[in-house]
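> From first to last, the protein sequence lines stand for chains A and B.
Just so we're on the same page, our numbering is the position in the first sequence counted from 1, plus 61.
Just so we're on the same page, our numbering is the position in the second sequence counted from 1, plus 61.
By construction, these hints were calculated from the structure, which means they are not laboratory data.
Keep in mind that a hint or two might mislead.
Mimicking DSSO-like on lysine-lysine, the simulated pairs with C-alpha atoms at most 30 Å apart in a straight line are [claimed, not checked]: (1) B:Lys385 with A:Lys289; (2) B:Lys218 with B:Lys163; (3) B:Lys287 with A:Lys311; (4) A:Lys311 with B:Lys369; (5) A:Lys369 with B:Lys289; (6) A:Lys289 with B:Lys311; (7) B:Lys289 with A:Lys289; (8) B:Lys377 with A:Lys289; (9) A:Lys385 with B:Lys289; (10) A:Lys287 with B:Lys377; (11) B:Lys369 with A:Lys289; (12) A:Lys289 with B:Lys287; (13) B:Lys289 with A:Lys287; (14) B:Lys287 with A:Lys287; (15) A:Lys377 with B:Lys289; (16) A:Lys287 with B:Lys311; (17) B:Lys287 with A:Lys377.
Predicted, not measured: the structure shown is a model, and the values here were computed from it.
There are 2 protein chains.
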Amino acid sequence: MQDLTKSGKHTMKRSLAGLCFIFCFVLALAGVATAGEADPLPSWNEGSSKQAIFRFVEEVSAPRGPGFIPPAERIAVFDNDGTLWSEQPMYFQLAFALDRVKALAPLHPEWKQKQPFKAALAGDLKTVLDGGEHALLELVMATHAGTTTEEFAEAVKDWLESARHPKTGRPYTDMVYQPMLELLAYLRANGFETYIVSGGGIEFMRPWAERIYGIPPEQVVGSSIKTKYELRDGEPVLVRLPEINFIDDKAGKPVGINQHIGRRPIAAFGNSDGDLQMLQWTSAGDGARFALLIHHTDAEREWAYDRKSPIGRLDKVLDEAHVKGWTVVDMKKDWKVIYPFEQQ
Amino acid sequence: MQDLTKSGKHTMKRSLAGLCFIFCFVLALAGVATAGEADPLPSWNEGSSKQAIFRFVEEVSAPRGPGFIPPAERIAVFDNDGTLWSEQPMYFQLAFALDRVKALAPLHPEWKQKQPFKAALAGDLKTVLDGGEHALLELVMATHAGTTTEEFAEAVKDWLESARHPKTGRPYTDMVYQPMLELLAYLRANGFETYIVSGGGIEFMRPWAERIYGIPPEQVVGSSIKTKYELRDGEPVLVRLPEINFIDDKAGKPVGINQHIGRRPIAAFGNSDGDLQMLQWTSAGDGARFALLIHHTDAEREWAYDRKSPIGRLDKVLDEAHVKGWTVVDMKKDWKVIYPFEQQ
Chain A
62 MQDLTKSGKH
72 TMKRSLAGLC
82 FIFCFVLALA
92 GVATAGEADP
102 LPSWNEGSSK
112 QAIFRFVEEV
122 SAPRGPGFIP
132 PAERIAVFDN
142 DGTLWSEQPM
152 YFQLAFALDR
162 VKALAPLHPE
172 WKQKQPFKAA
182 LAGDLKTVLD
192 GGEHALLELV
202 MATHAGTTTE
212 EFAEAVKDWL
222 ESARHPKTGR
232 PYTDMVYQPM
242 LELLAYLRAN
252 GFETYIVSGG
262 GIEFMRPWAE
272 RIYGIPPEQV
282 VGSSIKTKYE
292 LRDGEPVLVR
302 LPEINFIDDK
312 AGKPVGINQH
322 IGRRPIAAFG
332 NSDGDLQMLQ
342 WTSAGDGARF
352 ALLIHHTDAE
362 REWAYDRKSP
372 IGRLDKVLDE
382 AHVKGWTVVD
392 MKKDWKVIYP
402 FEQQ
Chain B
62 MQDLTKSGKH
72 TMKRSLAGLC
82 FIFCFVLALA
92 GVATAGEADP
102 LPSWNEGSSK
112 QAIFRFVEEV
122 SAPRGPGFIP
132 PAERIAVFDN
142 DGTLWSEQPM
152 YFQLAFALDR
162 VKALAPLHPE
172 WKQKQPFKAA
182 LAGDLKTVLD
192 GGEHALLELV
202 MATHAGTTTE
212 EFAEAVKDWL
222 ESARHPKTGR
232 PYTDMVYQPM
242 LELLAYLRAN
252 GFETYIVSGG
262 GIEFMRPWAE
272 RIYGIPPEQV
282 VGSSIKTKYE
292 LRDGEPVLVR
302 LPEINFIDDK
312 AGKPVGINQH
322 IGRRPIAAFG
332 NSDGDLQMLQ
342 WTSAGDGARF
352 ALLIHHTDAE
362 REWAYDRKSP
372 IGRLDKVLDE
382 AHVKGWTVVD
392 MKKDWKVIYP
402 FEQQ
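Work out the full structure: start from the sequences and follow the hints.
And the structure:
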């Protein structure tokens, strides 16, 4: 009975707190504006992109406005590579795979003679890429499978601690876009749930997405390999198998969104043709919608690439963005700062 | 610039509201207990099951206690059939499939001569079930595929409005367990996220889980068929294909949990051997864990079945529950009320 009494007290505490929360909510809506108001997107230069973001968020958040959308339906989806962090000179996950080939090589003496492993060990990226999708798949299977899910998460975290980007000499997780970090926070502060929807590996992103982006594991959608439940000496584990489960890219993105989220997003953010269908799916819904495309135009501070780039190819989706009036971010012009470390 | 100013104001409002929320939180923790405290689980009789629930929730919520778990990690997973609503005399989704065979029959004259459709049209459940898994799969594919995701959600909602349970004459969504509704609300009030992890179809549950259980679409995990993204006259749709994507049952449940949630739950609730691996996976994690099994013991108010039941077989998992000390709910003894409508 003691437990019941305790729980009863907790319920009452919750009721009081509930009333208080309602009061706070009313206060927030009533809008007690004072001096010292801050720009939530300080790393964005003034211009049409920044204004379009504000206009959309205001529109769906205004409680009595015609475009109001309840917070539960304010789902925003973000591509990762090239949208939240850089993706040059190669997808960062490929850098992980290549480093992991080296780390695992002592267990696989046969790799010295076998492509694409031989090239990976020699640091010969060109030969690896010339092997096409098949070679990449072989590398991914050899480096991403065979462990338990917990061991793999540790391997990702260990790599991120020691690996450095070839151009900046920084940890890869330093190379996230400051303007997008601000945008994620701004959307969440306005009741949005922010999801990653990436062609990258779901289990490659989850170990660090919460720390770096504030996005918890359950809001990460990505490509995956199959896993298998096993008891090892009575302890349950999930073993990662060398078999593709789902490719969350191109037409797979709306499929992954539906599978994981079960609601159509109201805002989508991408940077390449791999995001076309996600942007279409999002913007074709009823009511206020927002679609934004990042154009990498800054060869000096980041990279400049678009229609013919082997990584982050931005071609069809750029045409469609122009036709449909989606917001196109000109990185060089629209972003005051690229990386957080520039501010330090 | 107007938009920027507006957004600045919103930021300030949020800061004030943020302070206020912190105050409320402190108030809630400080525990201002007053008269009129209510039992959060009034439909549970006093006893060891109810006390075990209270003890666990108190333990993980006590901010300075040794068992404290941060709210973000308070993931609770619930089986659906037999755990949140009834599953006799057949899974409710099978009743949907059989009714849908009848609804679609005019488009399929060949079904009159072809099993298992012929039996389904004649209401001959025995012959359908004698056909085994293969027959059920054929029924599911014929009745769950071929539409867009939006059309399918409408079909489910339409069916729930008109269909009635053969024993109670009630809508199927009336046959949810009042004690479990209270438990869901109690856990959420204590910072838990409550997920469904069911062998049933993810798209069969999502259209009503939020209204009935307060569980939003993104917190429903279930079995699924594949979908395909298409443009129809320029409008994007997701078409449901007659091909299994994932079976979220038995050893599939920890796999589905990892895929969707990416964290190991700290509490799991089930009622059959199909939940064994989910309960193992949950309870093997570090720190405070809770595993609960519902034993259907009430032939009068609900149904009584266990070790040899063709539906909701409770055998291996009952043995493991006894060995591992999991909480076993005796429905007849532990539940004061079964369905919400008994209280009306």
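> Take the hints in turn and mark each one as holding or not.
Hints and how they fare:
Proposed proximity of B:Lys385 and A:Lys289 is supported: the alpha carbons are some 23 Å apart, at most 30 Å. At roughly 17 Å between alpha-carbon atoms, B:Lys218 and B:Lys163 fall within 30 Å of each other, so this suggested pair holds. For a cut-off of 30 Å, the pair hint linking B:Lys287 to A:Lys311 stands: about 16 Å separates their Cα positions. A hinted pair counts as satisfied when its Cα atoms are at most 30 Å apart, and A:Lys311 with B:Lys369 does not qualify at roughly 47 Å.
Under the criterion of a C-alpha separation no larger than 30 Å, the hint pairing A:Lys369 with B:Lys289 is consistent with the structure, at around 27 Å. Of the supplied pair hints, the one linking A:Lys289 and B:Lys311 holds, its CA atoms being roughly 11 Å apart against a limit of 30 Å. Of the pairs offered as hints, the one joining B:Lys289 and A:Lys289 holds, with about 25 Å between alpha carbons and a cut-off of 30 Å not exceeded. Restraint check for B:Lys377 and A:Lys289: the C-alpha separation of about 20 Å stays at or below 30 Å, so the hint holds.
At roughly 23 Å between alpha-carbon atoms, A:Lys385 and B:Lys289 fall within 30 Å of each other, so this suggested pair holds. The hinted pair formed by A:Lys287 and B:Lys377 meets the criterion: a straight-line CA distance of about 26 Å does not exceed 30 Å. A hinted pair counts as satisfied when its Cα atoms are at most 30 Å apart, and B:Lys369 with A:Lys289 qualifies at roughly 27 Å. Distance hint between A:Lys289 and B:Lys287 is fulfilled; the C-alpha atoms sit about 20 Å from each other, no more than 30 Å.
The straight-line distance between the Cα atoms of B:Lys289 and A:Lys287 is roughly 20 Å, inside the 30 Å bound, and the hint therefore holds. At most 30 Å may separate the alpha-carbon atoms for a hinted pair to count; B:Lys287 and A:Lys287 meet this at roughly 15 Å. Among the hinted pairs, A:Lys377 with B:Lys289 is consistent with the structure: their alpha-carbon atoms are about 20 Å apart, no more than 30 Å. For the hint linking A:Lys287 to B:Lys311, the alpha-carbon distance of about 16 Å falls within 30 Å, and the restraint holds.
For the proposed pair B:Lys287 and A:Lys377, the alpha carbon gap of about 26 Å is at most 30 Å, so the pair holds.
Checked against the numbered hints given earlier, this structure breaks only hint 4.
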